[in-house]
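K.L.:
If you're matching them up, the sequences are chains A and B in order.
Here the first sequence is numbered in this note's numbering, starting from 1 and rising by one per residue.
Here the second sequence is numbered in this note's numbering, starting from 1 and rising by one per residue.
Please keep in mind that the hints were generated in silico from the structure rather than gathered at the bench.
Check the hints yourself; a few may be wrong.
[Said to hold, decoys possible] Output of the computed footprint for chain B on chain A, the stretches with three or more beta carbons under 8 Å from beta carbons of chain B: (1) 56-66; (2) 73-79; (3) 97-107.
Don't be surprised by glycine CBs; every beta carbon is placed ideally from N, CA and C.
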Amino acid sequence: EAQVTQNPRYLITVTGKKLTVTCSQNMNHEYMSWYRQDPGLGLRQIYYSMNVEVTDKGDVPEGYKVSRKEKRNFPLILESPSPNQTSLYFCASSLGRGRAQYFGPGTRLTVL
Amino acid sequence: EDQVTQSPEALRLQEGESSSLNCSYTVSGLRGLFWYRQDPGKGPEFLFTLYSAGEEKEKERLKATLTKKESFLHITAPKPEDSATYLCAVISNFGNEKLTFGTGTRLTIIP
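One chain only, chain A, in its complex shape (with noise of 0.2 Å):
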């Protein structure tokens, strides 16, 4: 089955303990993306990446790492995190060049 899955699905942390949320897509997609959503302001994309080991900030990178070294996985990394950055994650992929987005069911974090 075509699908984008993400691990863990919730998290709950403290402060300035780093977590790796993971991801990955198993359509040999080239574009990969990570959102946040947070109630009143909708969907907001993180960071993304056109292909491998190529990644770029999206509207609101600040306080997140990725990495993209294999086309299937693309890591959301947080190495400090802070409890504004409780949120909804969503990872997506998609063929690129216009082409529908696939989203995973989410994982839900919160920083305490």
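Based on the hints, put chain B in the right spot on chain A.
P.N.:
Leaving out everything else, chain B in the frame of chain A:
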């Protein structure tokens, strides 16, 4: 800066009562307009892509249309299972494939 505005914010309909959701957009060259459905706590589910004014797409009780300034998602004879938040998003010709989203319309279908 690309912008997407959706209206209404929330809509309650009786089962079988048809209606339309609106998505107005401003973008520096439209590469594509997308409709998604999102259930609470879940990831957006892709519904339609529209690329040029005049284009229409249909799927079951849903029909999406596009003009140069807005898109409509028409829902015909809705059922309770159509209850969800419907999101509209655009990709610009000059961006990085970033989806710029509206804040959605929360649709409730009452049996």
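K.L.:
Are three or more residues of the segment 56-66 of chain A within 8 Å, CB to CB, of chain B?
P.N.:
holds (count 3)
K.L.:
Taking a Cβ-to-Cβ distance below 8 Å as contact, does the segment 97-107 of chain A have at least three residues touching chain B?
P.N.:
holds (count 10)
K.L.:
Has the segment 73-79 of chain A got at least three residues whose CB is nearer than 8 Å to a CB belonging to chain B?
P.N.:
violated (count 0)
Of the numbered hints given earlier, the model fails hint 2 alone.
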